[in-house]
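A.B. asks: Residue-level listing of the chains:
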Amino acid sequence: MVTPVTSQGTRLSAEEIGYLTAGPGRAAETALARLIDAGLVRVSREGLVSAVHLNNHGAMTELERRTLSYARTGVRFDQVVQSTAYSTEMKRLHQHLLDQKLMQQPRRRHEGWWFPLVIAIVLVLLGFSTPVFFLGVPIALLFFVWQRGRKAVTQAGREALRHVVATDRVHAVALYGFCGKVNGRAVGDLFELSQSIVKMLPLKQNRKRKSSSDGGGGCGSSCSSCGSGCGSSSCSSSSSGSSCSSGGSSCGGGGCGGGGGGD
Amino acid sequence: MAGITDLGVGIGWRSEIDLTVERLPGVDFVEVVAENLHSNVHRGHLPESVTLLLERGIPVLPHAVSLSLGGADPVDLSRVEHLGKIAEAVGAPMVSDHVCFVRAGGLDSGHLMPVPRTKDALDVLVANVKLAQENLPVPLALENVAALLEWPDGELSEGQFLAELVERTDCWLLVDVANLYANARNIGTDPGRFLDEIPLERLAYVHVAGGVDHGDVYHDTHAHAVLPEVLGVLDELCSRVTPPGVLLERDDNYPSDTEIASELAAIRAVVDKHRG
Ligand SMILES: [Fe+2]
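Line order of the protein sequences matches chains G and A. Mapping the first sequence onto full-length UniProt numbering, position 214 (from 1) lands on 214, and the numbers just tick up by one. Mapping the second sequence onto full-length UniProt numbering, position 145 (from 1) lands on 145, and the numbers just tick up by one.
Since the hints were derived computationally from the structure, they do not count as laboratory data. For each residue, glycine too, the CB sits at the ideal point set by N, CA and C. Treat the hints with care, since some could be wrong.
What the hints assert, rightly or not - Beta-carbon label-pair distances, calculated as ranges:
#, chain 1, residue 1, chain 2, residue 2, range
1, A, Asp190, G, Asp189, 47 to 57 Å
2, G, His57, A, Thr221, 14 to 24 Å
3, G, Met60, A, Glu150, 22 to 32 Å
4, A, Leu19, G, Arg109, 14 to 24 Å
5, A, Val217, G, Arg72, 22 to 32 Å
6, G, Arg109, A, His38, 22 to 32 Å
7, A, Glu150, G, Arg92, 51 to 61 Å
With these hints in hand, go ahead and build the complete structure from the sequences.
C.D. replies: Structural data, given as structure tokens:
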């Protein structure tokens, strides 16, 4: 896959992609996915996860180390993800994304956030007859911007995610979650995990993400590689309860995250 | 005993490694810990993996850890009934537990405690075993346990004790060669003498397990690799009798599928060596 590079030239890890896409639960899923992929944990038919080696052998990231030590003996699939999602290691990953300016402290959107915009329009209209009203427009717009809130992922973060596609199963988890779908195939199937296991995870929607087909010719000739990053084929099935916006401009490829809802 | 004369090489089925057990080459039979299965198994509540193994024709033998047959307390017949129900649910040719007690005075020790090897203790054990047998639908095999210390005033060797138990109850023997090795290391049991004294014609099958040395003491952990010395005891046993089955017990720190497969292969190599 094309390794996404941030504006600072840093490469995004699969865990970072997971975090930016759907929060700490998804990053925890991604760490677990890499461990399953490498044969470092086994998952039983009933969803018990256990480390294959002692002493966190084989861990390549802090999240993986954390996951391995928690799953030293059989632990339920969802509990492993939850535990990693709420860990201090996860807080450090979040801090790292903040430091990289890929994320920021979000601000909640106020109820009636659109009202200052209406005021601004009214002031503009009134300004044509009585120009003094124009003076109020910047103030109303300032209110509007403030009340509209701020997303957790920065513009740079969204840009970095834009061209990420799931060309391996670990990245499929980062982008769509274990209970999402990639190219019409359940991501859980890629790991031979039954739906009863992956559905242990609480549902978590992806953050809205700009698709690679918007933003003016992002796709072009390379559409075959970015195709799985957006569009209906990559969106989550209705069975997991998630949805995908049908418009080409954005894809809410649903999935699930193991808790840790906040950023 | 009809139906179990050639069990082959097996492994203890545990829910954490269910898929591994299904995938492993050369698993001829499995054992399930009876207490880990729900008592409504007779209504079709067996784990999916166990059902799948049964469909493949792999024998599933229930193994109990809580009957406490060596204890002075009366046998808890509800536990015996549970074991029997599981035996019927999986169509097992036999069930097993240990020559030990796990409860005394209503308290659960959480360990398989060795029985004092006295005539009096044997009388109690024999009575309990007979009661259990009367309430079980299939034959019962009993396993030697690992002891870290010996009760004082033992009147019989471990082999003599088991031989007399078999003679008086007609039970079968499940010989754990790792427990035998542990006793040789920790309390000076002579494995050769043990094997000479027990009635090998009543051998149901054999357990092999891993453990670890802690200084002078060997711990039968079921969470480490099988020591070559334990395979040595298996070798000694196989030189005297062809065991109907040999089963690897692993209860924690499950290694990779490859490592488990190679332990099974090592066991099979010892068994096959004596088959010629
Ligand atoms: Fe055993």
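A.B. asks: Hints first: check each against the structure and report whether it holds.
C.D. replies: Against the structure, the hints come out as follows:
Take A:Asp190 and G:Asp189: their Cβ atoms lie about 56 Å apart, and the range 47 to 57 Å holds. Taking 14 to 24 Å as the suggested C-beta distance range, the pair G:His57 and A:Thr221 conforms, at roughly 18 Å. Our hint of 22 to 32 Å for G:Met60 and A:Glu150 is violated, since their Cβ atoms are close to 49 Å apart. Remark: the range hint 14 to 24 Å for A:Leu19 to G:Arg109 is contradicted by a beta-carbon distance near 46 Å.
Here the CB-CB span from A:Val217 to G:Arg72 is close to 23 Å, well matched to the stated 22 to 32 Å. The hinted window of 22 to 32 Å between G:Arg109 and A:His38 is violated, with their beta carbons roughly 49 Å apart. For the pair A:Glu150 and G:Arg92, the supplied restraint of 51 to 61 Å holds, since their beta-carbon distance comes to about 53 Å.
When held up to the earlier numbered hints, the structure conflicts with 3, 4 and 6 and fits the remainder.
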